[in-house]
Amino acid sequence: MGYLCQVVVPDRRSDAASREDCHYVCNQATGKHKPIYHALSDVGDHVVVMNSRHIAFSGNKWEQKMYSSHTQYPGGFKQVTATQLHSKDPKAIVKLAVYGMLPRNLSRRTMMQRLHLFPEDDLPEDILLNLTEELPQPREIPRRLNEYSQEEREAFPTLWTPPEDYRMK
Numbered sequence: 001m002g003y004l005c006q007v008v009v010p011d012r013r014s015d016a017a018s019r020e021d022c023h024y025v026c027n028q029a030t031g032k033h034k035p036i037y038h039a040l041s042d043v044g045d046h047v048v049v050m051n052s053r054h055i056a057f058s059g060n061k062w063e064q065k066m067y068s069s070h071t072q073y074p075g076g077f078k079q080v081t082a083t084q085l086h087s088k089d090p091k092a093i094v095k096l097a098v099y100g101m102l103p104r105n106l107s108r109r110t111m112m113q114r115l116h117l118f119p120e121d122d123l124p125e126d127i128l129l130n131l132t133e134e135l136p137q138p139r140e141i142p143r144r145l146n147e148y149s150q151e152e153r154e155a156f157p158t159l160w161t162p163p164e165d166y167r168m169k
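Mapping to full-length UniProt numbering: the sequence shown position 26 is 26, numbers consecutive.
Among the clues, some could well be false.
[Said to hold, decoys possible] Calculated cross-link-like contacts (lysine-lysine; reagent style PhoX-like; alpha-carbon spacing at most 20 Å):
1. Lys65 with Lys34
2. Lys88 with Lys78
3. Lys78 with Lys91
Keep in mind the hints are simulated off the structure, nothing from the lab.
Treat the numbers as computed from the prediction; the structure is a model and nothing was measured.
Let the sequences and hints guide you as you build the complete structure.
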């Protein structure tokens, strides 16, 4: 008995590696979204994540977030920043985020094998033929004020006119 489908998480371009996205990927890989789900059954889906090279972090997390590992040998502790890890392997940040959210049991490795990561939006032909569902695009990140032209700023309606004696600091 098998339910097998593949889900595409579209365009991570300019999108944060958010907890909600990783949660969705984990639910798809474990099969929790299906009515036949049981913790001991293997009913998860294959999940395809594309454009993992173009993820974004908020604030200063590219320099402050640390990823660490240990080889279990003396002096084997390694720490790298998110920038260093992303430049070495563009898929590693998404992979580690999903891996950390999967259940810590023996089926974790099987679920990770269902995760297919691609740094760009070019997918292999065999995966493109088997896609059955595509997630909606996340909302667009609003433009900054300096990205608008002067004409667009002047065309924007004035919501509030300050009084004559009002001093802006």
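Structure-based check of each hint:
| no. | hint | verdict |
| --- | --- | --- |
| 1 | Lys65 with Lys34 | 34 Å, violated |
| 2 | Lys88 with Lys78 | 14 Å, holds |
| 3 | Lys78 with Lys91 | 19 Å, holds |
The structure does not agree with numbered hint 1 stated previously, though it agrees with all others.
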